[in-house]
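Please assemble the complex out of the two chains, which come individually in their own frames, going by the hints.
Residue numbers (our numbering), protein chains in the order written: chain A, 1 to 215; chain B, 1001 to 1192.
Treat the hints as calculated values from the structure; they're not laboratory data.
Straight-line distance between alpha carbons at most 20 Å, and here's what the computed SDA-like set of lysine to any residue pairs gives:
{"#": "1", "chain 1": "A", "residue 1": "Lys18", "chain 2": "A", "residue 2": "Thr196"}
{"#": "2", "chain 1": "A", "residue 1": "Lys18", "chain 2": "A", "residue 2": "Val140"}
{"#": "3", "chain 1": "A", "residue 1": "Lys18", "chain 2": "A", "residue 2": "Arg203"}
{"#": "4", "chain 1": "A", "residue 1": "Lys69", "chain 2": "B", "residue 2": "Ser1083"}
{"#": "5", "chain 1": "B", "residue 1": "Lys1093", "chain 2": "A", "residue 2": "Glu70"}
{"#": "6", "chain 1": "A", "residue 1": "Lys204", "chain 2": "B", "residue 2": "Val1166"}
{"#": "7", "chain 1": "B", "residue 1": "Lys1093", "chain 2": "B", "residue 2": "Phe1048"}
{"#": "8", "chain 1": "B", "residue 1": "Lys1035", "chain 2": "B", "residue 2": "Arg1155"}
{"#": "9", "chain 1": "A", "residue 1": "Lys201", "chain 2": "B", "residue 2": "Pro1164"}
{"#": "10", "chain 1": "A", "residue 1": "Lys201", "chain 2": "B", "residue 2": "Ser1165"}
{"#": "11", "chain 1": "B", "residue 1": "Lys1035", "chain 2": "B", "residue 2": "Ala1102"}
{"#": "12", "chain 1": "A", "residue 1": "Lys204", "chain 2": "B", "residue 2": "Ser1165"}
{"#": "13", "chain 1": "A", "residue 1": "Lys18", "chain 2": "A", "residue 2": "Arg200"}
{"#": "14", "chain 1": "A", "residue 1": "Lys69", "chain 2": "B", "residue 2": "Ile1105"}
{"#": "15", "chain 1": "B", "residue 1": "Lys1093", "chain 2": "B", "residue 2": "Leu1109"}
{"#": "16", "chain 1": "A", "residue 1": "Lys69", "chain 2": "B", "residue 2": "Pro1108"}
{"#": "17", "chain 1": "A", "residue 1": "Lys201", "chain 2": "B", "residue 2": "Val1166"}
{"#": "18", "chain 1": "A", "residue 1": "Lys125", "chain 2": "A", "residue 2": "Phe12"}
Reference listing, derived: stretches of chain A covered by chain B, where coverage requires no fewer than 3 residues with Cβ under 8 Å from a Cβ of chain B:
{"#": "19", "stretch": "71-81"}
{"#": "20", "stretch": "99-109"}
{"#": "21", "stretch": "175-188"}
{"#": "22", "stretch": "191-205"}
Virtual Cβ for every residue (Gly too), placed ideally from N, Cα, C.
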Amino acid sequence: MSQATAKNWDEFMEGIWKQNPTFVMILGMCPTLAVTVSAVNALSMGVSTALVLIASCGLVSMTRRFTPKEVRIAVYIVIIATFVTAVDYAIQAISLELYDALGAFIQLIVVNCIILGRAEAHAAKVSPMPAMINAAGMGVGFTIGLLSLGVVREIFGAGTLFGVSLFGASFQPWVVMVLPPGGFFVLGAWLLFFSTLERRKQRKQRNLAEATQNA
Amino acid sequence: MHESAANIFINALLANNFVLAMFLGLCPFLGVSGKLETAFPMGVATTFVMLVASLCAYGLNLLLTAFQLEFLRLISYIVIIASSVQLVEMVLKKYSPTLFRALGIYLPLITTNCAVLGVALFQTAREYDFVQSMAFSFGGGAGFTLALVLMASVRERLQLSDVPSVAQGTALSLMLAGILSLAFMGFAGIGG
Chain A
1 MSQATAKNWD
11 EFMEGIWKQN
21 PTFVMILGMC
31 PTLAVTVSAV
41 NALSMGVSTA
51 LVLIASCGLV
61 SMTRRFTPKE
71 VRIAVYIVII
81 ATFVTAVDYA
91 IQAISLELYD
101 ALGAFIQLIV
111 VNCIILGRAE
121 AHAAKVSPMP
131 AMINAAGMGV
141 GFTIGLLSLG
151 VVREIFGAGT
161 LFGVSLFGAS
171 FQPWVVMVLP
181 PGGFFVLGAW
191 LLFFSTLERR
201 KQRKQRNLAE
211 ATQNA
Chain B
1001 MHESAANIFI
1011 NALLANNFVL
1021 AMFLGLCPFL
1031 GVSGKLETAF
1041 PMGVATTFVM
1051 LVASLCAYGL
1061 NLLLTAFQLE
1071 FLRLISYIVI
1081 IASSVQLVEM
1091 VLKKYSPTLF
1101 RALGIYLPLI
1111 TTNCAVLGVA
1121 LFQTAREYDF
1131 VQSMAFSFGG
1141 GAGFTLALVL
1151 MASVRERLQL
1161 SDVPSVAQGT
1171 ALSLMLAGIL
1181 SLAFMGFAGI
1191 GG
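In isolation and in its complexed conformation, chain B is listed as follows (with noise of 0.2 Å):
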């Protein structure tokens, strides 16, 4: 059962990746992968958010655990990561209000994109540890960034081909999705 951290890391970034193989957090992905340069400060903003959520969900968790309390954890996760959601906002808003205006809805989106939550609860159906919990997080941003910023570039390629227009859209975009993550399953062999 005790993996070492290392190997959760490539796992999350890799083999299981959040977006393409484990289905968490879709609507960031098909919804802000349009530019490039509005993709990867999302990738950052929602690893952020990971991190911090997984750090407070592991401490909440222990708490929960020792009083008896386990009905309480949806409840208490999801108010943990809204508020850690809010805290990015302020930082941003303060630091690069242009990064702000351009991710627009979807800043406060993240609070239920599912890649968050989703953390939050594999690493403590899982029961990892303080490290390999921070692992995985990282590692789930990580590969969630990763997945963007492939998406976008081969979107912004794409605007300029002449792609049949029933096909346009989101079919268009969930057609790739396949195929990226068709490539993805390649890396199943380093995971394990």
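One chain only, chain A, in its complex shape (with noise of 0.2 Å):
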């Protein structure tokens, strides 16, 4: 039993930090920069395509005995685009404000390479539990990343967080952190800011490994 724990939950972190779709990965790039411009924004996009991966990896891995390989691309795609359409009116019906926020990009779910990709590349080939463990691990490494940009760009955009303001009336915004040219910005910086951990985990593995040959 604590075994098949173990396992679940390594499938569950492979998503949040050694696969992560955001900062390891690179996909689903156009809504991460696009709907960033806020933290609750970025939230409610993240836990929507959460919403989806887990669904569609769910479905599509309980098909997978049924689905020929040649249609198999559209059919992954008529599911991804039945569930979007269910989690777009979902959301009109719960805040038509946040409705109007995130735009033409809940739609945009459905083009989102992370979702097609899973359900080709892990949700295809395993029993459904896996495969929407997996899924949920991705959808929660792909919130965190959304997140990790929509905090950077809220505070120094507008001096809030989650609308709260944090700096008192005093505080100059960056105004360029919301406008387009700060999501490009934020999301390489954040990236140099992993490769120079990476470098930095690198370099102490090396000269462990020195260390230990030399004595």
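As structure tokens, this is what we get:
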């Protein structure tokens, strides 16, 4: 039992850290940059994508035995589009304000490469449970990616976080952060940060290896 | 509400450039922009798919509205786009096999290029008529090609320069895209 749990946990964590869709695989860039002007938008976009991802990976995995290989991509796309339509109408019903803020990008979840990529590369090969666990990990990883952009851009661009003012009235917002170029700059900066971390880790490991060799 | 077609074209081409201002079609923008000789054909192929998709989406939308089947819009659009990509693929394979191989995996991926679906969705949401839709999709495609070619030219130059090794790869491309995007914001005045 505990071994199975550990395996599920690994499967889940893979999408969050080792294969993070935003920072490691650089997938799904369009919504990542377009909707992250505020933390709330980023969070809701992440959650909707995650829901579509989990549901479609589950269904793709359940139908994997009946899907002819030649038309599988078309089948996946239709499955994904169905769930996206559902999520689209659900958001419209829950909050019209949010729906207007996210705009066409909710419907554009259909063409998010993360979902099709997961369906093709993972869900089509394993049984529903692990497929959905993996999809959940990816969804959470994507949400974290979106949030890390949304938080930075909202703090610098508007001086708020989730709509709460942080610095008081004297704060001069960096308007460029909420404009399109800001999205590119912030994501570029995050990637720089992660590659610096990675580099430091490699150097440490190399030093350690050399030290043990010398000893 | 009634904008002129020329206005829409200029807007989609420069002021609201699909890639640099609306963040549509970033995957091929970052993926195929390494070399100028593949960037330009890729842009042209995408523009063609956009025009076909926009044309079909316009007709289809009339049909769906007539039968009150709007909830099927997304599914039918994506099927149309997938088939027009297939069409482009067959034409390219027949007439230019070298180009077909050079574009490789990115050709079928036009299906999942959000710029193409974006055109169809935006023209529906903004209730453009036929001429407006065509101007919008052509402007969008030309803008996509423009951004792709600019980016590829800059990246070809950068191959020869000395970049800190930490920044190489996607981080550098994103910074470049940010600077290009800043430059395109200068066009904001002529759109409106």
